[in-house]
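Chemist: If you want the building blocks of each chain, they are given just below.
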Amino acid sequence: MMDRRNLLAAMGLSTLGLAAPKMAFAQTGSRKKFILILQRGAADGLMALAPTGDRHFTSARTQFMRDIKDGHKIDSFFTLHAAMSNIARLYGERDALFAHAVASNYRERSHFDGQNILETGGNSPYAVKSGWMNRLVGLLPNAREQRAVALASALPQVLRGDNAAASFVPNNRRSPNAALLDRLSDLYSDEPLLSNAWEQARMTRDMVGETGRVGPRDMAAIGALMAKIVKGRDGASLAMYETSGWDTHAAQSFRTKTELGKLDSLIGALKAGLGADWSNTVILIATEFGRTVAMNGTQGTDHGTASLAYLIGGAVRGGRIVADWPGLAERQLYQKRDLMPTQSLEMLMAGTIGTHFGLDSAKVAAQLFPGAIQGRPLSGLVS
Amino acid sequence: MRNSEIAENRFGYGARSKVVRHDNPQRFLLAQMESFDARPTALRAMPTLESISIATRAHMAELRKSGTIKTGNGKNAAFIRDKKFANAVRSHMRKSGRDHYDQSVMSRFALATKSDASFMERIVHFWSNHFAVSAEKSLVIGFAGSMEFEAIRPHILGKFSDLLKSVERHPAMLIYLDQVQSVGPGSPLAMRTNAVARRKLGLNENLAREILELHTLGVNGGYSQVDVTEFARALTGRTVGALPRGTIARMMDINDRPGLTQYHAALHEPGTRRIMGHSYRDTGERLADRILGDLALHPSTAKFISTKLARHFAGDDAPETLVKRLTETYLKTDGDLPSLYHVLVQAPEAWRPEPVKYKQPWEWLVSVYRGTQASLPVKNRQIGNIVRTLGQPVWRPGSPAGYGDRSSDWIGPDALFKRAEMANFLTVKLSRTVDAVELAPALFPSGLSLKTSAALGSADNRRQALAMLLASPEYLQR
Chain V
1 MMDRRNLLAA
11 MGLSTLGLAA
21 PKMAFAQTGS
31 RKKFILILQR
41 GAADGLMALA
51 PTGDRHFTSA
61 RTQFMRDIKD
71 GHKIDSFFTL
81 HAAMSNIARL
91 YGERDALFAH
101 AVASNYRERS
111 HFDGQNILET
121 GGNSPYAVKS
131 GWMNRLVGLL
141 PNAREQRAVA
151 LASALPQVLR
161 GDNAAASFVP
171 NNRRSPNAAL
181 LDRLSDLYSD
191 EPLLSNAWEQ
201 ARMTRDMVGE
211 TGRVGPRDMA
221 AIGALMAKIV
231 KGRDGASLAM
241 YETSGWDTHA
251 AQSFRTKTEL
261 GKLDSLIGAL
271 KAGLGADWSN
281 TVILIATEFG
291 RTVAMNGTQG
301 TDHGTASLAY
311 LIGGAVRGGR
321 IVADWPGLAE
331 RQLYQKRDLM
341 PTQSLEMLMA
351 GTIGTHFGLD
361 SAKVAAQLFP
371 GAIQGRPLSG
381 LVS
Chain L
1 MRNSEIAENR
11 FGYGARSKVV
21 RHDNPQRFLL
31 AQMESFDARP
41 TALRAMPTLE
51 SISIATRAHM
61 AELRKSGTIK
71 TGNGKNAAFI
81 RDKKFANAVR
91 SHMRKSGRDH
101 YDQSVMSRFA
111 LATKSDASFM
121 ERIVHFWSNH
131 FAVSAEKSLV
141 IGFAGSMEFE
151 AIRPHILGKF
161 SDLLKSVERH
171 PAMLIYLDQV
181 QSVGPGSPLA
191 MRTNAVARRK
201 LGLNENLARE
211 ILELHTLGVN
221 GGYSQVDVTE
231 FARALTGRTV
241 GALPRGTIAR
251 MMDINDRPGL
261 TQYHAALHEP
271 GTRRIMGHSY
281 RDTGERLADR
291 ILGDLALHPS
301 TAKFISTKLA
311 RHFAGDDAPE
321 TLVKRLTETY
331 LKTDGDLPSL
341 YHVLVQAPEA
351 WRPEPVKYKQ
361 PWEWLVSVYR
371 GTQASLPVKN
381 RQIGNIVRTL
391 GQPVWRPGSP
401 AGYGDRSSDW
411 IGPDALFKRA
421 EMANFLTVKL
431 SRTVDAVELA
441 PALFPSGLSL
451 KTSAALGSAD
461 NRRQALAMLL
471 ASPEYLQR
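Line by line, the protein sequences are chains V and L. Read in order, the letters of the first sequence are residues 1 to 383 in my numbering. Read in order, the letters of the second sequence are residues 1 to 478 in my numbering.
One chain only, chain L, in its complex shape (with noise of 0.2 angstroms):
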């Protein structure tokens, strides 16, 4: 590949149609930092955080003006009443929560085969999938397209401490991995009611130990059990609107910003925190951003980071030649994205001429859609049926991993099969508007391998010669 294709494909979602000739790919790709916009207007009719919060208030108040949750009579009428209540609120979000799901996904993939500045959008979803909550936990689905635009998108071009802060207080992250009724065995509430209550309040650590493992230090970052149970304590307080059940909800008014992150210091376990050798006076709502700043500036988490994007650039074995480079520049800028952009993009690893990577379904669709320009589908739903049928739904990885990194993660047997049909898929209507011998030297400028060529001169007819080209290992790969 020449180094315009490299820009293009490696670094970004692949050539519109083709492959213009760039005389500085690097300053191209760089460029790509300034004119990245955060907040276009394709996604200013997403539903966000504050809409989905009124619409669910909207809710509440009809529920309540109806007359649909009954009262009744005895003296747990108000219990029974409020949990009737939040039962419905719930199923309220899950409801809309779908079609929010399903405009976020198409937004998304709409933004990413138009962009001019595909590079950009790639580290967004590198980021996406870096942070992952995933969707098949109901309540996730309709926050997850807010997630990654309110919460990520505005932070890529910032600081990692800014990024790490900005998604550990978003109610995707605090419901995914479980913080919402995770409470301090020592804190006020809990001194009040688990002397006489059946089911005890208490700690779930299941946000802290995945902040650790997955967003800063990696599993091999020097934290020990003792880490992610302190860090658990000091992360209690931080929960969600309207989520919380039982003895926490009835603290809690329900109509307070529901769905919106809030703090409780009734929730927060009181004393000093000992985390990571760091000791952390009790500053209650402010300790966790401290210490997430603290953690955001660990050698740990400058390896971890700079190898993931490594990885995601470079090749599946992240080359430690660039890895060094960039956790150096990491831990020289305090975690300063940008520069670590810089690195990535002048690194002579991430240049070399022969493919490095398998694209992965969504990266393989996107470049698809650009590549051909085909138009996009009318139901909201249909790209990410496809997606999904790829082996990669869409803030959906079953894990708070994300989806695997290396190509061995996606040319499955089974998963190459699917591209293939949907390549044959696509061109069905596809093949009528493009002809893919014109198309392949446009998009590979550099020339085909002789098979591809071959394959391509040879076919039986139009369609199955798009459908080739789409399926080729060329197009497979970035």
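Okay, chain V solo, but in the shape it has when bound (with noise of 0.2 angstroms):
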């Protein structure tokens, strides 16, 4: 097995400034765009990408490397699950980067205040009222004009804020006639948080036309309806989806296996939507924490600290991984039981959103992730 620092050199950040510079793209007049895709629930990185180079892992993970062996060889360490094709693909194409051992700040072990900091950018749970996303609106030049939508009934955390937002979930109902839309908007007119959400409901409702229902689990339709929502000059420059089913304390093997074919088409479709705003498109991929090394005694995986995120689009430097691998002997464990972090998750953030709006990426840091004190914006990752 290579060391640490060997792995380091030969696929880590020391890398980043040697990659291959990309073909530039010509200017398509389109505004840059931003998809965030929440995997809630803890998803377990190394069943994603699994470091099968690590002989600590295949020991730890035995009763899953039947999952592991037809997966999609990335180098002669890591595997990308079987379930991701289209992922791997871009990977290939270099529009898909993978950084391992990633945590946001979060140190404890709960779903909802991991994904509140997650979502919230502050260094403890619930100390930040807004959401990051939403506060990025207001960065963005022209932030009046700038659209962000979550495909989802409320808003989430993460989009919850100040600036405008809206939240999006079709389905086949007739919508009410235009007299009765505009009678509510005046009923509204005085309540602004009614006011807020009833305006920004009608602009999205407007700009996405008929759709009739999408199934929650039709991840094609799912991702042609965000890159509908998100095309163009028009279009939302920021968009989110959340999906869910990734806490695997039992039976892991089949519904990891799910999941990652469901994230896996919504890529696709994704990419098959978007068309030439593909090249202006960076996706991230991010949970709020991994999950044990070790399995449980129930086929599955307990919380745990570091995991896998993931860039993916026309504007990401892809086709590299981005880590600074731990271990998994015992003792290089977190609390001898986790995979250790050794990225910010923040950073990786941070970094990534400044260079692809073309903003200062610390002050990106400061404004979107007070709660990350330690480190600095990862740069490179996108161009």
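These are computed hints drawn from the structure, not numbers from a lab. Given the structure is predicted, the values throughout are model-derived calculations rather than measurements. All C-beta atoms, glycine included, are put in the ideal place defined by N, C-alpha and C. Treat the hints loosely; a few may be bogus.
Capping the alpha-carbon separation at 16 angstroms, the derived lysine to aspartate or glutamate pairs in EDC-like fashion look like this [stated by the list, open to error]:
| hint | chain 1 | residue 1 | chain 2 | residue 2 |
| --- | --- | --- | --- | --- |
| 1 | L | Lys18 | L | Glu438 |
| 2 | L | Lys451 | V | Glu191 |
| 3 | L | Lys303 | L | Glu354 |
| 4 | V | Lys129 | L | Asp317 |
| 5 | L | Lys451 | V | Asp186 |
| 6 | L | Lys379 | L | Asp99 |
| 7 | V | Lys129 | L | Asp316 |
| 8 | L | Lys451 | V | Asp182 |
| 9 | L | Lys379 | L | Asp102 |
| 10 | L | Lys308 | L | Glu320 |
| 11 | L | Lys308 | L | Glu349 |
| 12 | L | Lys451 | V | Asp190 |
| 13 | V | Lys262 | V | Asp218 |
For each label pair, taking beta carbons as the anchor points, the in silico distance ranges come out as [stated by the list, open to error]:
| hint | chain 1 | residue 1 | chain 2 | residue 2 | range |
| --- | --- | --- | --- | --- | --- |
| 14 | V | Asp218 | L | Thr283 | 45 to 53 angstroms |
| 15 | L | Phe79 | V | Ser85 | 52 to 60 angstroms |
| 16 | L | Arg39 | V | Thr258 | 45 to 53 angstroms |
| 17 | V | Thr62 | L | Arg39 | 45 to 53 angstroms |
| 18 | L | Thr272 | V | Lys363 | 42 to 50 angstroms |
| 19 | L | Phe79 | V | Glu108 | 36 to 44 angstroms |
With the hints as a guide, bring both chains together as one complex.
Modeler: This is how it looks when you write it as structure tokens:
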């Protein structure tokens, strides 16, 4: 097995500057697009991008090795889960980057606190009221014209705050007639909370047009819908989607395969739907924390610490794994049970967002992730 | 709002067709503790654990008789038959579970819309959300109704510890939080099989963690990872008949009370446990309840439960003064729930005249049916579909934390639009019998805002007026 330092040199941060430059894309006149996909429930990064070159991994996960055997060999050390063919292909095309052993600054094991920190950017749960994606709206040029849309019923925490943001779930019920909609606009006009929500909803519906109902498991349709919302100069610059089913305390093998497959279809549909805008797009996939290295007694894993984050899109300098691999021997684990975090998820996000939107990454870090006190924004992740 | 309106709207599910003026609204609410029916006739036809178990057993007998499940030959024949059999039982439970679910949701809704003690129905649903199970785990679906009706309803007027113990042994919870397969690594069964088996038996800490984090102490309640693991060890032995797989299944008799909670000493981790500074001698089956009893009396639990109650009834920023009084009462009475409801009802913080909260979709829908006296849909599934469209499917919050209880969890752009859409849809029929201009003063005797009155007065037609009333800021809040 490679030791930690060699591994770092082979694939890690130190090679960032040497990555082959991509072809410059023609200016499409489109705005930059950023899509966040949250994996709620603590997704197991070790199953998604398995460190098959680490002998401690294979011994800790004997009973999962069958799933991993058929996976996509990324390099001599890592294997991407077989269910992610689209993402594997994008990796080959240098449109996908994996950051492993990543964690937010949260070090306990509650989903709900972990998600709150991931979404607010604070350093303790519920300390910051608004979500970082909402604050990001305010940092973008022409903030008032920027659209941010979540495919969700209520606004997820990450999009709550003072800046305008919309939530949207398509269905096939006939929309009320325009007269009622206008009258409700008037009826809500004295109540800021209702009025803002109402106008955002109307605007999003006007933008998307007729959709019909989209089933919650139809990832191809969801991806196509998201692409439609984001696409073009007038499309949303920011979009987000929540996935669940990652809390695999039992029967992990089957459940992970299902969820990773859905995630992969979503990415495939986004790429197909975005067309020319793909080159302006960064998709970030992240989870609140990872899962234990060892399996538990019920063919699953329990709440852990570090996990995997994905950056996907035409604007990503992909085809790389960014990791400072901590190793999986017991002494190398966090609290003798979890993958040790060696990179800050907040700094990964700050660097990505800063570069992508042409903002000062240090300022992005300070405003979006005030809770992350250590480290500097990672550079060179996106073009 | 006047106090009679507050009693109906903030504490209950809204008035039925008109707000009756109560001389003493507090007494009106407290009297509901006397009149509350824990086992109303409407629920007698609902599937119970007992009936689910009997039906499952009958199904198993049927399978055996019909010979659908082939025994086969070879040395693994018995093993393969058992496995097929167990799968058939699970699939039967899932299938029948969907009907149980639809029936139960409908009965729950009917009960809430007709109840004269709707404060108590709110309390039932509060606890049901506190001890959330979620039906996207397919085996939970048929048991969720039973958990609320059999494990929660009968205990809302007792001690918190009894409510807690009753929930943490209900199959829905044991299935949802993966207790069914959890085995002590030092248990007799694991000692016997782990040396040779490929699949090692061991702990699953999910239930233990969520009891500490979500049901009792709260996330900052002072427990550590060691407490979680120790508690998980203590809980081993508790499982559900016919549901475990593999080695555990082979040890149990699949015909023995399928779908019912069981204790098997062979799964239990022996030894003294140390949790939150207390030492517990191993008393086997009784151990889990002793720990739950102590957790129920912990000051962190008192504070956590008090905060949630205050947030639910007195507003998103649970008033500290009220939380303090509730916590003191909790500790003084060893978690006596009626004493807490007394404090709530008598709290000035909960009687502020301006609305303290936006209604959750379920609350709103129940209040619409109560206010308009709408007749219930004929198909069981319909109510479930409506609340799902509104963003709050019953017993399916998608997480053991249950549904959020802050206005911001519910008033998103899409969520608000869906309410307006639903108001518009429901008024197709309703506007034939209900006139918004007559209904409004009956439901809101202290008056509507100028905006709302003007909107109702100038509406294009009856239906539009009613849709606007149901979607008005007044109707959306409590």
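Chemist: For L/Lys451 and V/Asp190, compute the direct alpha-carbon distance and say whether it is at most 16 angstroms.
Modeler: holds (8 angstroms)
Chemist: For the hint 36 to 44 angstroms, verify it against the beta carbon of L/Phe79 and that of V/Glu108.
Modeler: holds (42 angstroms)
Chemist: Please verify whether L/Lys308 and L/Glu349 have alpha carbons no more than 16 angstroms apart.
Modeler: holds (14 angstroms)
Chemist: Do the Cβ positions of L/Arg39 and V/Thr258 conform to the proposed distance bound of 45 to 53 angstroms?
Modeler: Distance hint for L/Arg39, V/Thr258 is violated at roughly 40 angstroms.
Chemist: Is the straight-line distance between the alpha-carbon of L/Lys451 and that of V/Glu191 16 angstroms or less?
Modeler: Measuring from Cα to Cα gives roughly 10 angstroms; hence the hint holds.
Chemist: Assess, step by step, whether the Cα of L/Lys18 is no farther than 16 angstroms from the Cα of L/Glu438, and give holds or violated.
Modeler: This hinted pair holds, its Cα atoms lying about 10 angstroms apart.
Chemist: Please verify whether L/Lys451 and V/Asp182 have alpha carbons no more than 16 angstroms apart.
Modeler: holds (14 angstroms)
Chemist: Is the straight-line distance between the alpha-carbon of V/Lys129 and that of L/Asp317 16 angstroms or less?
Modeler: holds (12 angstroms)
Chemist: If I claimed the Cβ atoms of L/Thr272 and V/Lys363 lie 42 to 50 angstroms apart, would that claim hold in this structure?
Modeler: Violated - the Cβ-Cβ distance for L/Thr272 and V/Lys363, about 55 angstroms, lies outside 42 to 50 angstroms.
Chemist: Taking 52 to 60 angstroms as the stated bounds, is the beta-carbon spacing between L/Phe79 and V/Ser85 within them?
Modeler: Since the Cβ atoms of L/Phe79 and V/Ser85 sit about 35 angstroms apart, the hinted range of 52 to 60 angstroms is violated.
Chemist: Hey, L/Lys308 versus L/Glu320, does the alpha-carbon distance stay inside 16 angstroms?
Modeler: Measuring from Cα to Cα gives roughly 12 angstroms; hence the hint holds.
Chemist: 45 to 53 angstroms was suggested as the range; check whether the CB atoms of V/Asp218 and L/Thr283 agree with it.
Modeler: holds (51 angstroms)
Going through the hint list in order, the structure does not satisfy hints 3, 15, 16 and 18.
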